[in-house]
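**Q** This is what each chain is made of:
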Amino acid sequence: MSWLNDINWDQMFTAFIETIYMSSVSLFFTIIFGLIIGILLFVTNSQGLIVNKFLNKITDLIVNILRAVPFIILMIILIPFTQALVGSMLGASAALPSLIFAASPFYARLCCIAFMEVDKGTIEASKAMGASNWQIITKVLLPESFPALVSGACVTAISLISYTAMAGAIGSGGLGNLAYQYGFVRRNDAILYTATAIITLIVLGLQWLSDYLAAKIDKR
Amino acid sequence: MIELIDIVKTFNTKKSQIKAVRGVNLSINDGEIFGIIGYSGAGKSTLIRIINQLEKQTSGQVIIDGQDISKLDHKELLKSRQKIGMIFQHFNLLWSRTVAQNIEFPLEIAHVEKNIRQEKVKELIKMVGLEGRENAYPSELSGGQKQRVGIARALANDPKILLCDEATSALDPETTDAILQLLAKINKELNITIVMITHQMEVVQKICNRLAVMDDGKIVEQGLVKDIFASPQNSTTKRFIQTINGTDVEKTRQELKKLYPYGQLVRVSFTNNSDEPIIARAIKKCNLEVSIVNAHINHTSSGPLGVTYLHVSDGDDAQYEIFIKALEEKGAKVEIL
Chain V
95 MSWLNDINWD
105 QMFTAFIETI
115 YMSSVSLFFT
125 IIFGLIIGIL
135 LFVTNSQGLI
145 VNKFLNKITD
155 LIVNILRAVP
165 FIILMIILIP
175 FTQALVGSML
185 GASAALPSLI
195 FAASPFYARL
205 CCIAFMEVDK
215 GTIEASKAMG
225 ASNWQIITKV
235 LLPESFPALV
245 SGACVTAISL
255 ISYTAMAGAI
265 GSGGLGNLAY
275 QYGFVRRNDA
285 ILYTATAIIT
295 LIVLGLQWLS
305 DYLAAKIDKR
Chain Y
397 MIELIDIVKT
407 FNTKKSQIKA
417 VRGVNLSIND
427 GEIFGIIGYS
437 GAGKSTLIRI
447 INQLEKQTSG
457 QVIIDGQDIS
467 KLDHKELLKS
477 RQKIGMIFQH
487 FNLLWSRTVA
497 QNIEFPLEIA
507 HVEKNIRQEK
517 VKELIKMVGL
527 EGRENAYPSE
537 LSGGQKQRVG
547 IARALANDPK
557 ILLCDEATSA
567 LDPETTDAIL
577 QLLAKINKEL
587 NITIVMITHQ
597 MEVVQKICNR
607 LAVMDDGKIV
617 EQGLVKDIFA
627 SPQNSTTKRF
637 IQTINGTDVE
647 KTRQELKKLY
657 PYGQLVRVSF
667 TNNSDEPIIA
677 RAIKKCNLEV
687 SIVNAHINHT
697 SSGPLGVTYL
707 HVSDGDDAQY
717 EIFIKALEEK
727 GAKVEIL
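Residue numbers (this note's numbering), protein chains in the order written: chain V, 95 to 314; chain Y, 397 to 733.
These are calculated hints, taken from the structure and not from any lab test.
Treat the hints loosely; a few may be bogus.
In silico DSSO-like pairs for lysine-lysine, Cα to Cα no more than 30 Å straight-line [unchecked claim]:
hint	chain 1	residue 1	chain 2	residue 2
1	V	Lys151	V	Lys233
2	V	Lys151	Y	Lys410
3	Y	Lys516	V	Lys233
Could you put the whole structure together from the sequences, leaning on the hints where they help?
**A** In structure tokens form, the structure reads like this:
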């Protein structure tokens with residue numbers, strides 16, 4: 095097991111924490127923004143609660159544009175914005191704005207799909223009971239689509255983890271950065287494979303958690 | 397009282413205009429069970445949704461207890477909808493909530509206090525006969541049980557009106573009967589007005605007091621269920637009634653005509669429950685030879701309805717007239733075929 099000596103475990107642990115930090119903080123904001131945009135897309139569409147063609151088209155366009163821009167390019171475009179917001183363009187925190195910008199439209203789209211799956215009849219029934227739009231969103235739309243929202247969040251989280259590895263290219267830190275800078279560039283296979291294995295384990299764990307939660311909360 | 401005045405509803409699609417409702421006038425009295433029957437596409441679903449304004453009419457007025465509800469602002473409309481319950485063909489329960497939570501839902505919407513809500517839910521569960529299933533999820537229930545939850549939910553805010561949108565169409569005949577009995581019980585105990593749309597004549601026959609037949613966006617016939625069953629006028633109505641007694645009036649007529657080419661064929665329907673031997677007495681009066689060639693009974697909510705086909709021969713017109721008059725005097729409806 096001599097190859098284990100090639101690894102600086104403190105460094106590996108720091109990178110692991112950075113990855114977890116970047117993914118979880120960006121996931122948190124992605125869920126908030128994604129839900130807001132997703133609800134906006136859903137309620138303003140032609141069969142929605144508050145039909146607004148103009149707002150719907152604009153939101154739709156922004157979501158599509160943000161999803162079309164490759165993540166690596168998005169990061170570069172956002173450098174001035176990041177510097178203004180975080181004060182630096184290096185380190186884990188500096189990666190957050192671009193991660194959130196990239197993942198929110200993706201999650202918004204998944205939310206919208208989840209809302210479309212909600213039985214129209216239940217929404218009609220709530221209207222017939224005299225529910226306000228806000229009550230329909232909070233008491234029908236969100237709870238009824240909850241399993242899909244959770245598995246969507248998991249898919250987004252996994253994407254975010256791979257984005258953090260790419261964010262390593264502009265010096266964000268994390269396991270991906272470690273695997274690239276120390277494992278690949280400096281030809282340290284032990285670091286390359288260990289970092290990759292840890293990322294894989296995180297992803298597998300997330301997927302397992304997602305499946306478990308979905309089965310637990312889905313009462314259909 | 398629900399009054400629909402000159403209701404017109406037109407849907408605009410990209411290609412064309414669809415006239416779903418074309419000038420409907422109806423008034424539904426407090427405490428009655430009113431049936432609206434029609435084939436799919438007749439506009440009945442749209443019409444029932446206009447009553448609680450889930451669909452806004454293109455023109456016309458909806459007046460409930462003297463108030464024009466199409467003139468209410470949004471907030472007032474939401475409030476008034478709490479007093480109009482609605483149940484659906486596919487139940488439309490929230491699968492993420494238990495039976496008790498589903499029934500509690502309209503009470504949450506109406507901002508009722510929690511302890512009052514729970515009290516009310518208990519009461520409703522008992523009323524619809526779902527004791528012991530409070531914590532089950534809709535996916536664990538049968539169709540009939542789901543509709544019971546739907547009914548309990550619709551009654552949570554003590555509505556004055558209950559709208560039923562094909563409420564039994566997805567249920568088997570036995571369950572349909574049980575649900576209809578429940579609705580009849582609710583109607584009696586709570587004195588709630590029930591408006592039901594359906595394409596099943598047996599549903600109307602079993603519990604409705606009055607009936608409107610809808611075809612192509614218009615009401616083509618309306619009246620007491622027993623009267624309409626006794627002598628349907630419109631061809632759509634006749635088709636619906638045939639589905640019940642399995643006999644086609646026109647076909648029966650032709651067959652009987654073939655069998656009895658001579659003499660008179662008469663269709664007599666009785667709606668009143670009389671013990672009098674009406675036919676026998678009429679025969680005595682006119683001194684004709686009369687034979688019963690076909691007969692059946694329909695059971696409606698307002699009592700049984702008998703239909704008898706009689707064949708009369710070897711008489712003159714004066715005798716026929718006496719015979720028919722004698723029958724009509726006793727409240728029978730007579731139709732010469």
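**Q** Against this structure, judge whether each hint is valid.
**A** Going down the list of hints, with the structure as the test:
1. Between the alpha carbons of Lys151/V and Lys233/V the distance comes to roughly 26 Å, so the proposed pair stays at or under 30 Å and holds.
2. A distance of roughly 19 Å separates the Cα atoms of Lys151/V and Lys410/Y; the hinted pair therefore holds under the 30 Å criterion.
3. Among the hinted pairs, Lys516/Y with Lys233/V is consistent with the structure: their alpha-carbon atoms are about 20 Å apart, no more than 30 Å.
Checked against the numbered hints listed earlier, the structure breaks none of them; every hint is satisfied.
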